[in-house]
Structures are given as structure tokens and as C-alpha cells.
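Novice: Could you use the hints to bring the two separately framed chains together as a complex?
The listed protein sequences correspond, in order, to chains A and B. Letter by letter, the first sequence follows residues 1215 to 1561 in the working numbering. Letter by letter, the second sequence follows residues -5 to 298 in the working numbering.
Hints in this document: simulated from the structure, not taken from any laboratory.
Simulated crosslink set (DSSO-like; lysine-lysine; CA at most 27 Å straight-line):
| # | chain 1 | residue 1 | chain 2 | residue 2 |
| --- | --- | --- | --- | --- |
| 1 | B | Lys149 | A | Lys1547 |
| 2 | A | Lys1497 | A | Lys1346 |
| 3 | A | Lys1346 | A | Lys1547 |
| 4 | A | Lys1360 | A | Lys1547 |
| 5 | A | Lys1289 | A | Lys1497 |
| 6 | B | Lys149 | A | Lys1543 |
| 7 | B | Lys149 | A | Lys1314 |
| 8 | A | Lys1356 | A | Lys1346 |
| 9 | A | Lys1218 | A | Lys1459 |
| 10 | B | Lys140 | A | Lys1314 |
| 11 | A | Lys1547 | A | Lys1356 |
| 12 | A | Lys1314 | A | Lys1289 |
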Amino acid sequence: MNSKLDAGSAGDLITCRPFDASLALFDAGHLADLDDLDAMSNFSDVAKSAWQSDDGSATFCVPMASVIHGFIYNKDAFNELGLSVPTTEAEFFAALDAIKADGSYIPMAMGTNDQWEAATMGYNNIGPNYWKGEEGRQALIKGEQKLTDPQWTAPYATLARWGEYLGDGFEAQTYPDSQNIFTLGRAAIYPAGSWEISGFNALADFEMGAFKPPVQNAGDTCYISDHTDIGIGMNAKTENPEAAKTFLAWVASPEFAEIFGNALPGFFPLSSTPVELTDPLAKEIVGWRSECESTIRSTYQILSRGTPNLENETWGASVAAIKGTATPKDLGKDLQAGLASWYAPKQ
Amino acid sequence: MNKPRIRWHILVFLAPAVLIYTAVMIIPLFNTLRLALFTRIDQERVYVGLENFRTLFFDPIWSEQFWNALGNNFWFFLIHMIVQNPIGVALAALISHPRLRFSALYRSAIFIPTILSFVIVGFAWKLILSPIWGIAPGMLDWVGLKSLYAPWLGKESYALTTLALVSVWQFVGIPMMLIYAALLTIPEEILEAGEVDGITGLSAFWKIKLPLILPSIGIISILTFVGNFNAFDLIYAAQGALAGPDFSTDILGTFMYRTFFGFQLQLGDPHMGSAIASAMFAIVLLGVCIYLFAIQTRMRRYQL
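Here chain B stands alone, though its shape is the one from the complex (with noise of 0.2 Å):
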């Protein structure tokens, strides 16, 4: 009988990837798994199970932060899904159309927020909407609106929705390039068909593009599920490690780094903050894992 013969080829074409992802994914993900099993006692790591969890969600002082950092995180994702991810497909939708001129400028332009540094994204909107220099006032006071205007991002009930805009429209470029790249690939006759039995303009949208961009609308939500739940760069921009005003702009993101690196007289608790981590790998985990399983499998492809 003949021996399996080791296919080597496998192995050295795999190596690069699989050793490359596993120091800078693998390892980390599982020591900070690791990390939160322990505490620190007078300079000693003691091992105390699943202790941390206990105070993150069921001690008044954590759980409060917690649950505020969770809840902020769902309102900022809520906030993404219906307002980028519907204008996203819109203007794929303008932009696709063939008798639009400079169809291409408008596409880079929308694009290059994207691209663009949280940082540089998280002050420049600070500048626009600040009260005392900012342009927001002024061009409000143009338009003989400026009693609409607020010092937005100071406001407990407003700085977070203005925060999730601003991500919106660093971001809408995504869902507009991934969306516009499933609407060229749908073919011509199809639509030539539906125009022959009488279904044009917005109702071809409606019914021939829409059901067949579905698989790539539902990579976009999870995407930017996994997006806002890891988010942390715009909030710790604008707002810095406290997300005021009192937390109300305060996501999970911001509430690890606090935790786990410390902030002004608060002293870094690693242990704790890998716990809130490996919470938010957990809820990440489980809402791709609803996604996969529930969504994905039950959606309805087209052979084009």
C-alpha cells in the first residue's frame, strides 16, 4: 500500500499567513482572555477564575459603566444601520445611473473621508461645530436657523447621536463603493427583460437591483457591527478617555481603554480591562455568529 505522501508545498505556502496571524492575532487574543482570569494583589498575580466578570456585571459600580458603555454602543450602531447604511445604497444608486455626468468625481469625493485619519476626522468636526469658532453657528445664522443651534457635543443628550453623524459621514463611502460594485455586476439584460414587461425606473430598483444586492447589503451590516463594537478612535478624538459629558458618549471601546491603561489619578487595572475586552469579543462573537447562522443561511440568492 502506498503512503499518503506529505504534501509540502501546503505547509510552506500556508506557513507566512498562518504564523504571521497567529503572533499578532492568536496569541494576543488568547492571553487577553488569559488576563482576565487574574487580579493583582500587593505586586502578585493571583489567579481568581471568572471573578472579574462578576464585578463587571453584577457590582453597581462596573455594571452601571457597563451596561451605559453597552447601551451607547447599540444606540451608536442603530444610528449607522439607518442612517449610513440606507444613504450608502442611495447614492450607489445615483451614481450607477448611466446618464449622470461627473459620476466619478462624486464617487471620490464621498470616498475620501474614508481614508482620512479619526484623528484629523475628530477635530476637524470639533472646529466645525465648536460655539465660539466654529463655522456650524455662522452658517446656521445665514440661513436664519441659528436658533437650532446647540453646543452639540457638550450636551448629554445630543453628543452622542452628533458623534455617530460624524462617523456616518466619515463612512458612508463603504456601503456606497460595496454597493455600487454588486449594481455593475447585475447584467444588462436582466433589466431589459424587466423594462419589456413594463417595470422601470424606481420600481426596477425595488424589485430587480434590490433583491439582488441583499447578500452585499447584509455584509455592509455586519461589517459595521463589527465596526462601531470595536469602535474607540472618533470618541477618544473628540471627547478624550472620559467621553463626557458625565459618559454619556462613553462605548465599550472608551471604557477598555480607561480600564485597562489607567487615566490621570486612576491607576491602569489590566486585568480588568481584559475583562471588558474579552466581553466585547464575546458580543462581537455572538452577533456575527447570529448573522452567519440565522440571517445568511435563509437568504435568498440569485444565479445571475
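Pulled out of the complex, with its shape left as it was, chain A reads as follows (with noise of 0.2 Å):
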């Protein structure tokens, strides 16, 4: 799509990745500027930051949607060994235990051979509930905080303690194994991000729940990771600017949401207007919305850069953390070293 661009044949509309990859098209003058657009009042600055110039003067891409994260679980299973769903930390491990004791069931599917899954469907999963969601994210961005103080080193402790609920061999698990095993009523508890909706309902033939991040003490305030994932921009090029602003703004409309979210259950609307879904997975889990504080996930704004890449450390982390190959110290020295290489923090 870059060369596309740059070529000067790409379409009139383009999708928008989140963060830096469509800042950079901006900054190279490939999007347009999309603030005179009046229909972007329907959104919220969190679901804009994805799209937004650092300093937030400009917006360039219409938020489409965003994914949540959190663990999605088979009723059935859970019923039959009487278990209920867990809220706290402490809950989460027995009913883990509870599982594993019983042996019909792998207690959770995921693998760490993809890397990725156990960044972000583990640690940034649960650990807004550590760094207090937008606060802790904002206070790293600042340089108030840093990886190696306690809220940021403690997910990788209890990332630590998943190994031994993972199943034989999860080192080589890859990700389709663990949608696989997960589907085929195999495991019970599998860490999710909200995405995988659409594809469960039409693979699982049991009922499945979700559960929001466990939270350390009963009454904790919980934070989700509600993340920005997909937007649409308009090509700064265009022959036809008027007819893309057109389209722009029904995409920011209240129709398109409620079209766009119950046709792919799982990505989210982020217009401000409430949206009435009918899957009811999806509802369960953007019901968390109005319970928890949202956040993004951690690594994604600014911090991923330069290099070494945080984002892609924090795979690395993170697998070390739940393989038990280094202690949660030790990874957020690492961490911390890496991005102060290369990032001053703006005070």
C-alpha cells in the first residue's frame, strides 16, 4: 500500500492501522486532515488518539472500531465442574486449579510459540488492572513511570504463574492451535481479545462467556483494555474529495455503528452514541465499557518508535515471563534500558 501510494494509484479511501503507521502516511502527506469534518464530533479523544497527530491538532482517520480484551470460557465446562466465574485474582487461580485438578479439561489454551499472544492477550491484558489503565499508560508516556517499578514488573509475576495451566507442549502452540483447541471444547478458559467473536460462534458448539481481567482485591476499581484498532481515512490525493467526505461521514455516523457492530460482533464502535448489539458475547463484553475504566494497550502510542521496538520486546518479555526463562525484575531492567536508549520523555 506504501508503494501504492507513493505511485500516486491508490484508491480514494484508504483503512487506517492505528498509531504510527498512519501517522507516517499523514506525515508524508498521503492522508488528509479530517477535523473540518463535523461528524468527528461523534467520538470521544480516547478513540481518536489513534488517529490523531502527536500534539492532537489533527485528526486523520474516521475511528471504526476498537477490540476488548478479556477471557472468553466455555459454560458448559464451568457448569459441569460447578465452578462460577471468577472476579478476583485469587478466584482465577483457584478455578484454574479447580480444572486441573478435575484433568477433563486443559485450564486455559494458549501457546507462546506465535509470541505475540502472550503480549497481547497476557500482559497487556490484565495489567491495566496493575498500572491503573490511562493513568499508568500516560504516566510511562511522560516518564513519571517507568517499566521497572512494581505496577509494570507485577503482571509478568502473574503472567508467571500461567505456565502451569497452559497444557503440554504450549512452548509450540501456535495461535490457530489454541483457537482450535479452545473451539473444540478442549480447554475451558481462553485469553481473548474481542476479535474473536465472529469466529467462535461459527466453530464452538457450546455456549461461551467472557470475563473481564480478574482484579487483585474484591471492589478494586477494573480497567479493560479497550483498544483502537481499525479507521478510515481519505487519500489526500483524491479526484473525488466530496464524495469521500460523503462516505466519511456516514462511516462516523450512529447507522453505520450499529451496522458495522452487529455485522462483526466483536470490533466495536467507538461513536459516542450507545449502540444496541444483538450477539450476546459481544453485549456481555462491551457492557464492560460502562463498568471499567477503558485503556489502551500500553505500547502501542509512541513508545514503539524506535529501536529496539517495545511492543516487540514485550512479546519476548512476556514468553520469558509465563516459560519462567527470567524473573519479572529483570525483564522490566531489560525493558526499561531498551527504551530509554532511544526515548527522552517530554516533560
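Specialist: Structure below.
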């Protein structure tokens, strides 16, 4: 796509990946500034943050959808074993122990072969409860917190306890393997992103439920990763700017949000007007937005711009934590050293 | 005095090959070397001389990855040299045995993996070795050796060796074929003369055939070296661009790919990527030169 844009043969509309990939297109003059589009007022600042210049002065893509992290579980398995949905970490590990002791299900379906699940569905799934969502994420960008601080290393300590519940040979288990294990009904819990919903609905013949990342103590505020994932923008060199803008205004409307949210359950519209979803699992997950504080993945904005790339380093660190090949403290130290080598926070 | 006649037919016959080779090999090669001397600062391409190489070799973040990849490459090459080539020679010796039945069948069967795509080989072996669906754990179980099974591709200490052996499985047909061809050129008379002198069986192989196929083994070694140091496909198909677990299967090819084209949130950096590609080129060139000047010129050849 980048080469098409450079050659001037790209389409009028361009789907936008979040953060730096799209920002680079905007900086290179390929994406038009959309601030004059009235319909942009339908979105909150967090929703727009993925497609704004660093100072927030220009927005260049219409936010379409986000994905939410949590855990999907096999309701039949939970009923069979008499388990209730865990809300605290102690309950979560008690449930895993109970499933393991029973032995008819693999407690949790996740592998470390492809590495990214450990970071995306592991670290950034449970992490926001530790670093208090946006508060910690912003403080990290501003340089007020460090990756060596306890709120950033504690999730690794929790991940280290996951290893024993992941089933034999998880080290070589791939992402599709995990999906299949869960939808075949061989595992009880799947650390998930909401994008799995439509795929799982088609494959699983048991009832599924979802629970949000467990908090440390009962009654704690919960934080969820509500990650802005897809947007759509306009080619700055388009020959039909008016038609493209009309379409983008419609994409920004509540009408589109409702169609999109129901056609693709698990990709949640970002528009400020609440949308009625019909899929029960999707509805359950999107309901967390009103109970918990939303944040986005900690490594995506600004912090993965340099080398070493913090997001990719986090993959490796999360895998190492689960396998137990490094201590949380050392992981924090390495990540912070890598980040500090190129990133100087603006105070 | 006669003016030397320009022999046009030489130019005409050379032109197609020279033009095509220049367009698809020479120009890209020199362009890559040139690209390695630049970097991008604020959308501008700036000439920085050898700065990229300094970063690659002396910046701890880059050099750690580079030496890791180079070390893995040497291990990958070593496994091929000590497993693939001896097995290839042994197989060739076996199938060239005049009294072996079905030798054409064995020859084809062993050669077939070589013509398969890396993607097929990578995915097929990933499935065979998978702890969940694979047949490897089950087969070991039948013979009572289940305890030997480990999720090899997911363990830092085994993954690279496992992939090297998969690559050996795929390419063992090539040394076998080349050696087989060399063995066929050995005239019967020499072997018969040896027999008269009492050299038969295994000692005929060690004393007569092996010295005669030594130049072919040299060629195979250098082909293996070049192939291994340019390898990329199998690792990428089986482990992805991050060459997991924890970069334990990262070789120069995957390191170059990740840097050049970017990966996930990491944006591509064609200039650093070219620097790595240039380093690979230098390593291969050095290896080939050592072979050509130090080994091949000293190798004894026999007139048959």
C-alpha cells in the first residue's frame, strides 16, 4: 500500500492501522486532515487518539472500531465442574486449579510459539488493572513511571503463574492451535481479544461466556484494554474529495456504527452514541465499558517508534515470563534500558 | 597493417545474458551496497558513510542481534556439514551399488523433498512436531519413548537444531545426486584393478572412490555454505519473522528481513536492512574466496 500511495495509484479511501503506521502516512502527506468533518464530534478523544498527530492538533482517520480484551470461557465446562466466574485474581487461580485437578479440560488455551499472544492476550490483557489504565500509560509516556516500577513488572509475575495451566507443549503451540483447542471444547478458558467472537461463534458448539480481567482485591476499580484498532481515512490526492467526505461522514454516524457493530461482532464501534448489539457474547463484553475504565495497549502510542521496538520486546518478555526463563525484575530492567536508549520523555 | 576486425558475433551472443544478469543481479547488488551508506532523517535521504555499519557492529542493541544471528548461521551450517553431507555421500554410495534393487525408486524418493516449496516443508514439519496434533508424540509413544518427546520448535535450546535437521531432510537429495553422478564417472577398470590388488568392499570406497569424489564434496560444501548463509524461507515459514522462541532461530536472513521491511509496529528501515544485506554479502564472498584460493587450488585431482 505504501508503494501505491507513493506512486499515486492508491484508492480514494484508505483503511488506517492505529498509531505510527498511519501517522507516517499523514506526515508524508498521503492522508487528508479530517478536522473539518462535522461528524468527528461523534467520537471521544480516546477514540481519536490513535489517528491524531502527537500534539492532538490534527485527526486524519475516522475511528471505526476497537477490540476489547478479556477471557472467553466454556460455559458448559464451568457448569460441569460447578465453577463460578472469577472476579478476583485469587478466584481466577482457584478456578484454574480446580480445572487442572479435575483433568478433563486444559485449564487455559494459549501457546507461546507465535509470541504475540503472550503480550497481547497476556500482558496487555491483565496489565491495565495493575498500572491503572490510562493513568499509568500516560505516566509512562511522560516519563513519570518506569517499566521497572512494580505496577509494570507485577503483571509478569502473574503471567509466570500461567505456565503450569497452559497444557502440554504450550511452548510450541501456535495461535491457530489455541483457537482450535478452545473451540473443540478441550480447554475451559481462552485469554481473548473480542475479535475472536465471530470466528468462535461459527466453530464452537458449546455456550460461551466472557469475564473481564480479574482485579487483585474484590471491589477494586477494573480497567480494560479497549484498543482502537481500525479507522478509515481519505487519500490526500483523491480526485473525488466530496464523495469521499460524504462517505466518511456516514462512517462516523451512529447508523454505520450499528450496522458495523452487528455485522462484525467483537469489533466495537467507537462512536459516543451507545449502539445496540445483538450478539450475546459481544454484548456482554461491550458492557464492561460502563463498569470499567477503558485504556489502550500500553506499548502502542509513541513508545514503539524506535529501535528496540517496545511492542516486540514486550512479546519476548511476556513469553519469557510465562516460561519462567527470566524474572519479572530483570524483564523490567531490560525493557526500560531498551526504551531509554532512544526515548527521552518530554516533561 | 590490418585493422583488427571487431568480432560482432561475440557481442551479440553475450548480450542477452549480460543484459539480463546486469538488470536483475548486478544493479540491485550495487544499489543495495549504495543504500547501506545512507539514512533517512525527517523524510530526507542523507549520506552517512559507514555510520550504519558502525551501528550494526558497535551499538550493543544491534550488535547483539547481529552476532546472535551470525552465530546461529554458523550452527545451521555446521549441522548441514556434519549431518547432511556425510549422509548424502553414504546414500550415494549405497544407491550406486550395482546389486541394489529399486535404486531408481530410492533415488527419486529421497530427492523429492528438494523440489517441495519451503512453505510446504515448514508447515508440514510444524504439524508433524506439534505437541497437540502432531504424529511425532504418538509415534514415539508406540515405541515407548514418549519421554523423549519435547515441544522442540518451542524450546530455545532445541529449535534451531530441529529446523536445521528439517532443512537437512529437505536437501539431502542434492549432495546425494552430485556424489552419485561423480561415482558413476569412476571407470570400472580402476575398481577392477584395485580388486586384483586385493582392495574390495569398504576399503575400495575409502581408498579409491573417496579420493576421486573429493572435488565434488568440495563443491557441495561451498554450495551448502552459500545456501545456508542466504537461508531465510524455512525459518520464516516455521517460526515467523521474529524467529522465536526468543530469537533462538534468528539467522542473518530473518534479521535482514525484519529490519528492511519492518514488522508489526516496527517500521522498516531499508538503510539498516541494506547494511545487514551487505554484511551477508561480504561474509559469503569471504567464505567463497577462502574456498577458491586456499582449498580448491591445493586439492589433488586425478586424471581418469
